[in-house]
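> Sequential numbering of the sequence shown, starting at 0, is according to my numbering.
Quick caveat, the hints were computed from the structure, so don't treat them as lab data.
Hints are supplied without guarantee of correctness; some may be wrong.
[Said to hold, decoys possible] Restricting the straight-line Cα-Cα distance to at most 25 Å, the calculated cross-link-like pairs of lysine to any residue (SDA-like) are:
#1 164 to 44
#2 73 to 170
#3 100 to 188
#4 211 to 164
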Amino acid sequence: MEAQKVVVITCIALACLLLNVQGIVAAEDGWHFEITPYLWLPNIDGTVTFDGPADGVGKLETTAGPNDYLQHLKMAGMVSAGVRKDRWSVFTDVIYLDFSKEDSTVRSVEFDALNSRVKIGAGLDSGSRTSLEGTEWTLAGGYSLVQSGQGTLDVFGGFRYFTVKASLDWELAASVSSPAGGRTLERSGSISQRGELWDGIVGARGRINLGKSNLFIPYYLDIGTGTSALTWQALLGVAYAFNWWDIKLAYRHLYYNTDGKLIDDMRFSGPALGANFRF
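From just these sequences and the hints, can you work out the full model?
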């Protein structure tokens, strides 16, 4: 429910912005606004580490995807928006993704007794599934270093928030017992956990104009840390500018490394298509 609340509140705020934007622009010359609804369809590849699903089981590590995202995507919602005056800007981005039953593999089981860890061979996993539901929110302020006919370059700083609910339905060919004895992971079961990450980020974004045509190359790169040991995001694409809006096709990659938390090592990669409306 927390993820849905973030999306709903952000969408309401964006709607209010659009309702008032014409009056603001008329009153304050030099203010520019933009909003970009888009669709990003990433494959998911990485490691999810759950706290013990049963008494005596300390950690359960699984690797998820990548798979056919259209087959496993249940719901998605994405929008970004920004405001600019002279060389200063503020922008935000909200993503909601719900992937159901991604193919995954249980890699290891860690038992509490003597910290014993058992690696699971691929042949022992007979069809585990991981579901992920997450909301990502970025908010940053920037300053334009380059504004020319060849393109633009903004540097920025801000934060990225990521909340995720992960569920695992594991199915093994046999139960797994601790080498120290007395502890066993059953052949099948399920577990669900939630985590959240707060990270400060810095980066650069902008566009490269392709001659005198309406075509241009949008780009974006950020890197940060905080709750995560490391997170970074990159986007590169091609776009076409009309009078007051652009259409963009890009490839986007988002990475998280959290050193053993719920999302231990996760990558989201895939194409994105959006329309950017300028006011």
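> Could you tell me which of the hints above the structure violates, numbers in ascending order?
4
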